[in-house]
Amino acid sequence: MVDASPPTKTDQSRRDHQKFAAATPTNDPRSSAPLRSLRTESGRVTYPLIYVSPAGSISVILSHAIIIEMSIDRCVRVVCHDNFAAFVNGRGTASCILHKKARMLHTRDMVYTKFSSTNDRLAVIGDEGILFSMSHLNEAYLVSSHIKGDS
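Following the UniProt record's numbering from start to finish, the sequence shown increments by one per residue and tops out at 151.
No lab work stands behind these hints: they were computed from the structure. Be aware that a few hints might be false.
As the list claims (entries may be wrong) - With a cut-off of at most 25 Å between alpha-carbon atoms, the simulated SDA-like pairs for lysine to any residue come out as follows: (1) K148 with S133; (2) K100 with S117; (3) K148 with V88; (4) K101 with I72; (5) K100 with A86; (6) K100 with K148; (7) K100 with E128; (8) K114 with L131; (9) K101 with G126; (10) K114 with A140; (11) K148 with A86; (12) K100 with M134; (13) K101 with V76; (14) K114 with C96; (15) K101 with K148; (16) K100 with I72; (17) K114 with R77; (18) K101 with Y141; (19) K100 with V78; (20) K100 with N119; (21) K100 with F132; (22) K100 with V76; (23) K114 with D82; (24) K100 with A85; (25) K101 with D73; (26) K114 with M134; (27) K100 with C80; (28) K114 with M104; (29) K148 with L122; (30) K100 with I130; (31) K148 with I130; (32) K148 with I97; (33) K100 with I67; (34) K100 with N89; (35) K100 with I66; (36) K114 with G126; (37) K114 with V78.
Bear in mind the structure is a predicted one, so any value in this text is a computation, not a measurement.
I would like the entire structure built from these sequences, with the hints used as guidance.
If you want it as structure tokens, here you go:
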């Protein structure tokens, strides 16, 4: 349960002296700012927060716990805490989505999926067709227009 009481003067004073490290902690004093400089007069944090690391990554922190990270090699990751994360590499040849109920990975020529439920469902989608199974099955099934079986 969240305490809805307004902050006391000592809480406000403590927050004013805290440091905010935007994305990753470093020893560089330029990577943090006094928390009071990130807040409005009413005490609310002003979004977006932008952090550029010495290693070459950029993090954009949005409201509602959403973070967008970009790296120098053009990789992009979007994180919505407690909901999902998505990633794409700089060349666009690989991407993935992570969710509580599903995992999907796309490579140059294949898509791998796993859907979580009472019996995990797995599927691999590629040029030859779709291979699928469930955790309680001993076999996997292939649907393909390239491979002819018994009719």
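Here's how the hints hold up against the structure:
| no. | hint | in the structure |
| --- | --- | --- |
| 1 | K148 with S133 | 20 Å, holds |
| 2 | K100 with S117 | 10 Å, holds |
| 3 | K148 with V88 | 36 Å, violated |
| 4 | K101 with I72 | 31 Å, violated |
| 5 | K100 with A86 | 12 Å, holds |
| 6 | K100 with K148 | 37 Å, violated |
| 7 | K100 with E128 | 29 Å, violated |
| 8 | K114 with L131 | 12 Å, holds |
| 9 | K101 with G126 | 22 Å, holds |
| 10 | K114 with A140 | 14 Å, holds |
| 11 | K148 with A86 | 37 Å, violated |
| 12 | K100 with M134 | 18 Å, holds |
| 13 | K101 with V76 | 22 Å, holds |
| 14 | K114 with C96 | 12 Å, holds |
| 15 | K101 with K148 | 34 Å, violated |
| 16 | K100 with I72 | 29 Å, violated |
| 17 | K114 with R77 | 20 Å, holds |
| 18 | K101 with Y141 | 22 Å, holds |
| 19 | K100 with V78 | 15 Å, holds |
| 20 | K100 with N119 | 15 Å, holds |
| 21 | K100 with F132 | 20 Å, holds |
| 22 | K100 with V76 | 20 Å, holds |
| 23 | K114 with D82 | 18 Å, holds |
| 24 | K100 with A85 | 10 Å, holds |
| 25 | K101 with D73 | 30 Å, violated |
| 26 | K114 with M134 | 9 Å, holds |
| 27 | K100 with C80 | 12 Å, holds |
| 28 | K114 with M104 | 7 Å, holds |
| 29 | K148 with L122 | 23 Å, holds |
| 30 | K100 with I130 | 23 Å, holds |
| 31 | K148 with I130 | 14 Å, holds |
| 32 | K148 with I97 | 33 Å, violated |
| 33 | K100 with I67 | 18 Å, holds |
| 34 | K100 with N89 | 22 Å, holds |
| 35 | K100 with I66 | 16 Å, holds |
| 36 | K114 with G126 | 15 Å, holds |
| 37 | K114 with V78 | 20 Å, holds |
Consistency note: the structure conflicts with the earlier hints numbered 3, 4, 6, 7, 11, 15, 16, 25 and 32.
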